[in-house]
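Residue-level listing of the chains:
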Amino acid sequence: MKVPYFPGCTLNTTGKCFDDAVRASAAAVGVELVELPNWNCCGATYPLIIDNMLKLAAAAHILVEARQASAGEVRQVTTACTTCYNVLKRTNHFIRTHPDERDRINSFIEADYAGEVEVVDIVQLLRDQVGFDAVRERVTKPLKELKAAAYYGCMVLRPPAEVAYDDPDHPRSLDDLMAALGATAVEYPHKNECCGAYLAVKAPEVTRSMVYTILGSAQRAGAEAMVTNCPLCQFNLDKQQREMTNYYAGYQPIPVFYFSQLMGLALGLDIKDYGWDRHYIDPRPLVEKLVLAQS
Amino acid sequence: MRVRLSAQSVHNELVHRIEEYSGQDLMACYQCGKCAAGCPVAFAMDMLPSQVIRYAQLGLVDRLTESNTIWLCAACQTCYTRCPKGIDLSRIMEALREIVMFDKGSHINYDAISPEDVVEWPQQAFIGGFRKYAL
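Chains as they are written, first to last, in this note's numbering: chain A, 14 to 308; chain B, 1414 to 1548.
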């Protein structure tokens, strides 16, 4: 199946390894992600002032392009960056439910969009349109030795009525994906605890503490790696561990993967260009251990 | 600490602006505290999320505009998800940020961002940060 794909600005640059791995692993399970020919940044946060239509224009424009790209088939657009998913999904919902504001936005972006496209997160697509069983059947190198902590962050779960395709308090989709890849998904209470997101720009010491809460919880439950779906979560969880021992004595860092990197590994794809050297906590020792465990 | 309450302060113009920008009914809050209990950044705030809405209800807006709470909100939506009255506190936080910034200008120090940061940080951190902290 071919699905219109919105990469977003971060997956185009610092998160390129996430993008490469998503495209390759989706293709390996029969999903061709077709990048929208014309796209712009979604705006990275959903605007919360109720009458600021200008801030919705960027996301609305992407949805117009997505409708164009999926003309005639199932009208959907998928994205791997969960922040983009959240912005597009909430914008789409707003346009569907607010006709007056929809007219104002449409008049500004010179379009006529009324919410015809479905916004789908890539993990949701894999779960619902491919099926994790189908993913499992294509796994050639199961991640048998891996105890992974799936970390969902906020963007795919909240606000639940608008964006959640999973239980907002006890999400399972990433855990089930990890299980399909042969790994053990570790249970811990902080799967959906915010990492701090853009507070990294304002108050990195605050994100350090928030990230420590999540990582400490995962490690106490036995995790040897984190698995994320958002480039900003991945960055916060990864980078803050670099100096964590300066603040929390005896802290042991663990690598932070994108789920698609592990998908690529388990599906037997060529993973050498999956950006391993861009991680702050080097995942290569663990990756080598997993590869060796295959043989 | 002397706090002066009056009908005028409760119905003042700034409170009206908060409600207008956020679309939320401040008086719907009955101070159950679930927002403060669930907020992942409350540990770093000088005023709890539930206190923010309480001060807003009472019209004590000066203390709100001086607190660090509204700048530490990560818009994670946990408060809105848990509020039994369906109040979107994250919108109230954004309304307060806008009100302060309209008055005092953007709340970000661009010079404090080093060239290394510019290379390392994901774009969405900058875009999200600038959207929240700049006009």
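Don't take each hint at face value.
With a cut-off of at most 30 Å between alpha-carbon atoms, the simulated DSSO-like pairs for lysine-lysine come out as follows [what the hints assert, rightly or not]:
| hint | chain 1 | residue 1 | chain 2 | residue 2 |
| --- | --- | --- | --- | --- |
| 1 | A | K215 | B | K1517 |
| 2 | A | K29 | A | K285 |
| 3 | B | K1447 | A | K215 |
| 4 | A | K29 | A | K160 |
| 5 | A | K68 | B | K1498 |
| 6 | A | K154 | A | K29 |
| 7 | A | K154 | A | K68 |
| 8 | A | K285 | A | K15 |
| 9 | A | K302 | A | K154 |
| 10 | A | K154 | A | K15 |
| 11 | A | K160 | A | K285 |
| 12 | A | K285 | B | K1447 |
Read the hints as simulated data drawn from the structure, not as lab findings.
>> Given the hinted pair K285 (chain A) and K15 (chain A), is their Cα-Cα distance within 30 Å?
In response: holds (26 Å)
>> Need the status of pair K160 (chain A), K285 (chain A): alpha-carbon distance at most 30 Å?
In response: holds (22 Å)
>> For a C-alpha distance cap of 30 Å, please report whether K302 (chain A) and K154 (chain A) respect it.
In response: holds (12 Å)
> K154 (chain A) and K29 (chain A): Cα distance at most 30 Å?
Replying inline: holds (24 Å)
>> Check the hint pairing K1447 (chain B) with K215 (chain A) against an upper bound of 30 Å on the C-alpha distance.
In response: The hint holds at about 26 Å.
>> Next pair to validate is K68 (chain A) with K1498 (chain B); report whether the Cα-Cα distance is within 30 Å.
In response: holds (27 Å)
> Holds or violated: K215 (chain A) with K1517 (chain B), Cα cutoff 30 Å?
Replying inline: holds (17 Å)
> Are K29 (chain A) and K160 (chain A) close enough, with their CA atoms no more than 30 Å apart?
Replying inline: Distance of about 25 Å is within 30 Å: holds.
> Straight-line Cα separation of K154 (chain A) and K15 (chain A) no greater than 30 Å?
Replying inline: OK: K154 (chain A) and K15 (chain A) at ~26 Å, within 30 Å.
> Can the restraint linking K285 (chain A) and K1447 (chain B) be considered satisfied, given a maximum Cα separation of 30 Å?
Replying inline: violated (46 Å)
> Does the alpha-carbon distance linking K154 (chain A) and K68 (chain A) stay inside the 30 Å limit?
Replying inline: violated (45 Å)
> Is it true that the CA of K29 (chain A) sits at most 30 Å from the CA of K285 (chain A)?
Replying inline: holds (14 Å)
Violated hints, in rising order: 7, 12; the structure is consistent with all others.
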